[in-house]
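Peer 1: Same order as they appear, the protein sequences are chains V, P, R, G, E and B.
If you count the first sequence from 1, position 32 lands on 41 in my numbering, and the numbers rise without skipping.
If you count the second sequence from 1, position 161 lands on 170 in my numbering, and the numbers rise without skipping.
If you count the third sequence from 1, position 126 lands on 135 in my numbering, and the numbers rise without skipping.
If you count the fourth sequence from 1, position 31 lands on 40 in my numbering, and the numbers rise without skipping.
If you count the fifth sequence from 1, position 178 lands on 187 in my numbering, and the numbers rise without skipping.
If you count the sixth sequence from 1, position 168 lands on 177 in my numbering, and the numbers rise without skipping.
Wrong hints could be hidden among the right ones.
You can't tell identical chains apart in this list, so a pair holds if it fits in one copy or across any two.
[Claimed, not checked] Within a straight-line C-alpha distance of at most 27 Å, the following computed BS3-like cross-link-like pairs (lysine-lysine) qualify: (1) Lys60 x Lys78; (2) Lys60 x Lys50; (3) Lys132 x Lys147; (4) Lys147 x Lys50; (5) Lys37 x Lys60; (6) Lys132 x Lys78; (7) Lys162 x Lys50; (8) Lys78 x Lys41; (9) Lys60 x Lys162.
Hints listed in this document are in silico derivations from the structure and should not be mistaken for laboratory results.
Letter by letter, the chains look like this.
Number of protein chains: 6
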Amino acid sequence: MVKEARLMALDVGPEARLDPDTEAYFAKCQEKLGFIPNVLKAYAFDNTKLKAFIAMADDLMLGDSGLSKLEREMIAVAVSCANHCHYCLTAHGAAVRQRAADPEMGELIAQNYRAAALPPRQKAMLDFAVRLTEAPDKIEEMDREALRRAGFKDRDIWDIAAVTAFYNMSNRLAAAADMKPNREYHFMVREMVREEEGASAAGAPVRASTNRRGEAPQAGRRRRRAV
Amino acid sequence: MVKEARLMALDVGPEARLDPDTEAYFAKCQEKLGFIPNVLKAYAFDNTKLKAFIAMADDLMLGDSGLSKLEREMIAVAVSCANHCHYCLTAHGAAVRQRAADPEMGELIAQNYRAAALPPRQKAMLDFAVRLTEAPDKIEEMDREALRRAGFKDRDIWDIAAVTAFYNMSNRLAAAADMKPNREYHFMVREMVREEEGASAAGAPVRASTNRRGEAPQAGRRRRRAV
Amino acid sequence: MVKEARLMALDVGPEARLDPDTEAYFAKCQEKLGFIPNVLKAYAFDNTKLKAFIAMADDLMLGDSGLSKLEREMIAVAVSCANHCHYCLTAHGAAVRQRAADPEMGELIAQNYRAAALPPRQKAMLDFAVRLTEAPDKIEEMDREALRRAGFKDRDIWDIAAVTAFYNMSNRLAAAADMKPNREYHFMVREMVREEEGASAAGAPVRASTNRRGEAPQAGRRRRRAV
Amino acid sequence: MVKEARLMALDVGPEARLDPDTEAYFAKCQEKLGFIPNVLKAYAFDNTKLKAFIAMADDLMLGDSGLSKLEREMIAVAVSCANHCHYCLTAHGAAVRQRAADPEMGELIAQNYRAAALPPRQKAMLDFAVRLTEAPDKIEEMDREALRRAGFKDRDIWDIAAVTAFYNMSNRLAAAADMKPNREYHFMVREMVREEEGASAAGAPVRASTNRRGEAPQAGRRRRRAV
Amino acid sequence: MVKEARLMALDVGPEARLDPDTEAYFAKCQEKLGFIPNVLKAYAFDNTKLKAFIAMADDLMLGDSGLSKLEREMIAVAVSCANHCHYCLTAHGAAVRQRAADPEMGELIAQNYRAAALPPRQKAMLDFAVRLTEAPDKIEEMDREALRRAGFKDRDIWDIAAVTAFYNMSNRLAAAADMKPNREYHFMVREMVREEEGASAAGAPVRASTNRRGEAPQAGRRRRRAV
Amino acid sequence: MVKEARLMALDVGPEARLDPDTEAYFAKCQEKLGFIPNVLKAYAFDNTKLKAFIAMADDLMLGDSGLSKLEREMIAVAVSCANHCHYCLTAHGAAVRQRAADPEMGELIAQNYRAAALPPRQKAMLDFAVRLTEAPDKIEEMDREALRRAGFKDRDIWDIAAVTAFYNMSNRLAAAADMKPNREYHFMVREMVREEEGASAAGAPVRASTNRRGEAPQAGRRRRRAV
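Same shape as in the complex, but just chain V (with noise of 0.2 Å):
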């Protein structure tokens, strides 16, 4: 068997005794991924910063919002993008392949965004979460209109910006403790879709096959962790 490399470069000590809720959260990451998502075995050694954590991202990632969670993934992605992000682009870029159910366009927001001939409500999307991932201070309302006029609400708004500003949270974890993704996210998602079964049917390549929120329809019925 494989032997797990070391999670990442900073010794923290050794996991804490998880609570029973944290626990059983851990047994169905298990159960569903296969694996408990390194992120959160970076975490155990302190049950209050693993449940805070766990607490933000599920609500970000999973919770309701008029993003759909395929777009949330894409947000996840394009800033890890900008921020060369080994663990998450390889995560969430897992994610939002599944999520697509289109391995090409997990790669492509990877790699990046503006070759992805994204709708433009995506576009608008992600221009504004690269743009305040690189330049924060220089947001202004035009850049909030921008959003407006591509069909987003305020309270979405708020969701692209919380969206971002979390994984340039994350992304900087990460970074400066050198974390280490599973590796079972490098090979998920990966053959390719043929159109007969995957979500186009129309002759199009598969990556036009979204909804109108630009996501497979068959992504919402598996349930995931959001790390």
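Since the structure of chain V is provided, determine the placement of chains P, R, G, E and B on it from the hints.
Peer 2: Same frame as chain V, now just chains P, R, G, E and B:
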């Protein structure tokens, strides 16, 4: 009476009915600070988001750590300076002035920590925080090594990274929402500290009068909200 | 009494014997401000340099211009914010607070003028100043046109450019020499302006209470040194 | 069958009648790779341009050199990561995965080579390549010296520079034309390498199982087009 | 006689025995220019590399194109200015001076093309070239559209991109190798153009005396090597 | 006769009636240089501004200093290169060519001083000047220390900083006003220096023929205006 200016540029709807816990938290803020920090009011449209934010912020800024509370505020301010964040410079600038019992110290970190003639420990800490803010993708082992040489344990490095990362998140949410700080922050701890009453009795400028961790002796006396 | 910290990191020798003119100038500073601005003391090792600096600074900041004195201080502070200049943020931050009779205004410009909800004239002015600071090689006719559209004459544009340019000089000299501002600046004009006594009597926040040029009515009463 | 998406955003006219040499080259691509790399089809409107491009690319990537073919692909990918080039990350990402016989290695270099725990030789090589990419005007003798200390001869440094320079060219042409990579690249060498069959038999993760030049033993077996 | 300074900082070994073709090419350079461009001597350690470089450079700079030869040299110089490349600014600065028959024009583009008051076609061309140089990942359809609006066909856009890309390659190779230009370039076409003999007979400064493509009438008379 | 192009893009009104002092200064310029530098004509709408500018420029560039006049011009040109300032590169490029009695030297500093193989003293000086230009907020004691190790006294460091700062001012004023240099500068000191008549008699290229301060022996002979 001066009317409160609008809280932020996003209209995310009315305040949610707060949980009893959160209501109690708000009451304590009002009692101790004399006001509810605007970031909490901005988050108050949604109990889940508000609680996750409070849980993370309070743990990071007030929880157990090898970093003093002042040091954590110094990171908050140095990061917010790099990101030119009006909200966080105002709120955490006040916190540094208060925790250091030194109004000039807060200004210095908010303007440019490199001019502050900090002891090597804190200089290394802020060098790392700002580098992680500006170029997270370029952090390498030698950056972590510089912190270890300055006396930090790996557990402390996690905390430096986590606080830096958190304010990279908060700065971006505040910028995206154009969040306005409570006006009271501007006016807190502005009076010059005289030596006989200040932290220093040694004829040196007050800003040198902090203990090994750069925290003024009396700073720990009053419990204070993190946000 | 608090001992004055060292003036700067460079030992350029003793103060020159001042010219009578300059001696009179220093005396007037002492009388009006209560101190000699440290930048003047830093220059005082050489009469020629000191006089050239004073001549240029006083003409730019106090001479005849289509820009109000407050506006010129706003440029000084916005430029110094972009350059993170401790000396100039401290000295000219105080000047903006004083000229606007608004302590929060000074903070706002020193932190990020984009959060200050400025009238279009001043927004355009500071946009130009910061762009000229950050990317002088990219200024083009359309940047000058934006100022003309905001109501500035070409002669005003010269002044905006000249003040911006001057603080790009001063910021760099202060940074290279690690110049320390007089401590008094930190404490000037920090008290909250109450409406009945402040510039505003209209219930709006004080920062909106400036005249067409964004200058508080009483600001012109006291003559003040430019540096 | 999935219809091929458009090749690029520029309509430069129909494919030229290819030279016999080039026709043979295309046939060999089809036979060995199963497709003609899109960059060649993009250039195929003009025989002279196409041939010059092939001549330079093949010499650089497949010709005699002190750098292994894998190392040259690593440079291609690290440069393309700095430039966020969708085309080259896709095509050369596949090449690194293949030459290293390690799917995770390709991802790592494409995301951030600093997270790849490379041996010092390759770390120095990519540090130089990325610095030359980001700030060519700041390269100095000490940068060349760092490569010499890492064991490179001057002739090798030429090759590092030439490959870095070439992908700074290709990245820009691909970006300007919005060139689309062949979809097949996405799906090449994605399966996890098991240890018994992989490059490593030592229990260490596969990515450590390369020879002195960081090239998997079997990688040289198949001749492969450079582009 | 002045001894030739060393060619570059890398010792890549002796000149290869040149192919007859290349020997003839070198002889023609010597005859027409009076010297062999140093970049060719730098490449001359390897016939294959040398020939690939010449083939690409000559096609791009002298081949059929919707861009005039002067325009292509202007791109070379504007890119080299952005990259601060001593070799290319010297060699191609001379070429612009010569092709425009205007010594000031070459200087202008080498210093900052934005100060050159170029006609809209060439302004748009250099705006694109410099943007593609500085931020290739941010090129989008609207950048191509700006070129089309300025009158360029897609085939011309390919050429603008290809020349820009090529000098981003050459600049980096020259920087990495610290390549020295032939001293003769410094002194070519430096004399002021008088109106009676110059390109202009209209009393306007010479730099306005170019034809629709910005090329001086006589510039095409002398055939010239591209490098 | 060639008509003078417009001086700058701003119409700031007619030339003021010059002071007798200034009139004499202009007359001397005309006599020695054969023209009035355009920056002076640009400032001539206002006697006070003009005199302050001349006083500062002449003191910095021609006054007593531990830096040679050539060294001060080198700083002017290296700073103007970083800022891509057409006016200052033209005017001070000519000055470096003249003071070094070496036309290639001027070009080299104007293009990229790192390619100039400068002696360590001048390399350190320009490294500091460019760093202070590009990132004034990051100057620290170790930057000053590097200058001291290169042999500079603190008084010299002041001068390096002051000249650097001054051209950061001038560059920005010239850029904002789109100031045009006198055409004569382009053509000054362009002829190749032959060794028998040049500064060097040792067979080395002329650019190595400067004295300890990097100033050609005869450079001091002619008095010259600073601007």
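Peer 1: Starting from the hint list further up, note which numbers the structure goes against and sort them upward.
Peer 2: Every hint satisfied by this model.
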